[in-house]
Amino acid sequence: LVQNIIKVLTLGFFISMITGFVLYRSGYFDATTASDSLQVSPNGGELYIAQVDQDSTKSPQQTINGYSRKKIMPSTKSAVPIFDMESVKQDMKKQLLPSSKSIAPIFDLEELNQQESSQEILPSSKSMTYPIDIKPEATANEIENEKREDFKKQPELVEDLDDVEALGELPPSEEAEMLDEVAETIESSEPESTHINWRGIWIGVLGILFVALGSIVYFKRRSK
Amino acid sequence: MTFLYMLLGTVLSFVFLMIVFVPMERVFPAKKNQPFFRKAWVLDLCYFLGQYLLWGSVVYFLLSYFSDWLTGIVPTSFRELVQSQPIWVQAIEVIVLSDLLIYWGHRLQHTIPFLWRFHKVHHSAERLDWLAAHREHPLDSIYTVGLINLPMFIVGFPMEVLAGVIAFRGIWAIYIHSNVRLSIGPLKKIIGSPELHHWHHHLDRDAGNYANISPLMDLIFGTYVCPDHEPEAVGIREDFSKNYVGQMIEPIVGKSQWNKFLRRIKK
Numbered sequence: 001l002v003q004n005i006i007k008v009l010t011l012g013f014f015i016s017m018i019t020g021f022v023l024y025r026s027g028y029f030d031a032t033t034a035s036d037s038l039q040v041s042p043n044g045g046e047l048y049i050a051q052v053d054q055d056s057t058k059s060p061q062q063t064i065n066g067y068s069r070k071k072i073m074p075s076t077k078s079a080v081p082i083f084d085m086e087s088v089k090q091d092m093k094k095q096l097l098p099s100s101k102s103i104a105p106i107f108d109l110e111e112l113n114q115q116e117s118s119q120e121i122l123p124s125s126k127s128m129t130y131p132i133d134i135k136p137e138a139t140a141n142e143i144e145n146e147k148r149e150d151f152k153k154q155p156e157l158v159e160d161l162d163d164v165e166a167l168g169e170l171p172p173s174e175e176a177e178m179l180d181e182v183a184e185t186i187e188s189s190e191p192e193s194t195h196i197n198w199r200g201i202w203i204g205v206l207g208i209l210f211v212a213l214g215s216i217v218y219f220k221r222r223s224k
Numbered sequence: 001m002t003f004l005y006m007l008l009g010t011v012l013s014f015v016f017l018m019i020v021f022v023p024m025e026r027v028f029p030a031k032k033n034q035p036f037f038r039k040a041w042v043l044d045l046c047y048f049l050g051q052y053l054l055w056g057s058v059v060y061f062l063l064s065y066f067s068d069w070l071t072g073i074v075p076t077s078f079r080e081l082v083q084s085q086p087i088w089v090q091a092i093e094v095i096v097l098s099d100l101l102i103y104w105g106h107r108l109q110h111t112i113p114f115l116w117r118f119h120k121v122h123h124s125a126e127r128l129d130w131l132a133a134h135r136e137h138p139l140d141s142i143y144t145v146g147l148i149n150l151p152m153f154i155v156g157f158p159m160e161v162l163a164g165v166i167a168f169r170g171i172w173a174i175y176i177h178s179n180v181r182l183s184i185g186p187l188k189k190i191i192g193s194p195e196l197h198h199w200h201h202h203l204d205r206d207a208g209n210y211a212n213i214s215p216l217m218d219l220i221f222g223t224y225v226c227p228d229h230e231p232e233a234v235g236i237r238e239d240f241s242k243n244y245v246g247q248m249i250e251p252i253v254g255k256s257q258w259n260k261f262l263r264r265i266k267k
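Protein sequence lines correspond, in order, to chains A and B. Going letter by letter, the first sequence gives residues 1 to 224 in my numbering. Going letter by letter, the second sequence gives residues 1 to 267 in my numbering.
Just chain A, with the same shape it has in the complex (with noise of 0.2 Å):
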């Protein structure tokens, strides 16, 4: 009876963590509000993100001239590639300087089309970090084109830096506050990813009980 039940929950839990696995590279424990579908994401963050940031000037995992989609091996823990302040600050730095026109950060538009181009593929048969990009033919991606232009459409964060002349004129304090300012921005802008997805974790959890049910069954019957 107790290697039986050994059985049953080694069984039970293997099955579950394949269907954790599958369901987590689906993209389906990515809290998202804009879709209902199982799959929203292959690689578990990635179209999550691209439909529900509405606003792309607002979202630093949205690629902010190539710094902020640091994919940390992106698939069996990391949702959401992560966001390195530092990098950011010594990148505005290098970037605004000299143009000393806007604190903002500047979104490479051809680079972002240039990601989006990237093809979808599976770098091995066995791997389970490597990313799986979207086609550009993708639904997911025309949203985040419509998002583009949108934001092309809004100077207003230009406009507002139109008051500081140059930001080489300022005393370095300053523009280290500055810098600062603007990074704490755009991380305060990170949209949350904290929602528990409750759903997901009630059909878990009477998956699991499914799975273990049908085993002492199955073992019970073999038994006999």
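Just so you know, these hints were derived from the structure itself, not from any lab. Warning: the hint list may mix true and false statements.
Stated by the list, open to error - Looking from chain A toward chain B, a few residues come up when the C-beta cut is under 8 Å (computed):
(1) Ile6
(2) Lys7
(3) Thr10
(4) Phe13
(5) Phe14
(6) Ile18
(7) Arg25
(8) Ser26
(9) Gly27
Virtual Cβ for every residue (Gly too), placed ideally from N, Cα, C.
Please arrange chain B on chain A, whose structure you already have, making use of the hints.
This is chain B only, laid out in the frame that chain A set:
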């Protein structure tokens, strides 16, 4: 920092796989006496690390490169037609097409000597478990993964709707190599299992069971093999390098050249 993140991801993946597969290998063992740190465990760990930290990126880059010109083969109108189908229809189409391609691609790997040179790296494992599944030559990976992706590149199946299928295929490929024997009854004719794939790793080069996710192709093409016991030995009959560097280089330069090189070093 990127490398550190990669390293972290690799470690987490390793731990995750260990948590998933080790209990199964303990409770339902195929070879009861096989220890966790079995022979060539370190070699397979090298393959695991190599795949996650180095070769994965190379394969990714190459596939990106080739996919660009494969995508344009089929007219956009046809791709749109494919994508307009219900998700479950697309999922079935992808599984069947990929399985068909992998089946024949895999069979060719066992038949054509040039392809076998690379594929025998995978078959050189003399103990099978979840870690041994990662023993693959990178060029062999490009070949296999290229075949898996071919329907998506050419026909244009959207990857996001098939993410579940892709994830399942990946982890199942590890499972069928694990040291597990768990009968799934008549289901074993629909879904691949370790008991079938272990026979594929039998010492004979044409041992059968070439399919991956489902043995249907083996049943159709007459290569389905399912004895009621585990094979006594797995691996290859040929003489082959036993270390990581040798197994990486020997398939590329050929056996005679590699042996010459070794002799020079010894002198």
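Taking the hints in turn, this is what the structure says about them:
1. Ile6: holds, 6 Å
2. Lys7: Holds, because the Cβ-Cβ distance from Lys7(A) to chain B comes to roughly 6 Å (cut-off 8 Å).
3. Thr10: This hint holds: Thr10(A) lies near chain B, its Cβ roughly 4 Å from the closest one there, short of 8 Å.
4. Phe13: holds, 7 Å
5. Phe14: At 5 Å from the nearest chain B Cβ, Phe14(A) passes the 8 Å test, so the hint holds.
6. Ile18: holds, 6 Å
7. Arg25: Since the shortest Cβ distance to chain B is 3 Å, the answer is holds.
8. Ser26: holds, 4 Å
9. Gly27: holds, 7 Å
Hint violations for this structure: none, all hints satisfied.
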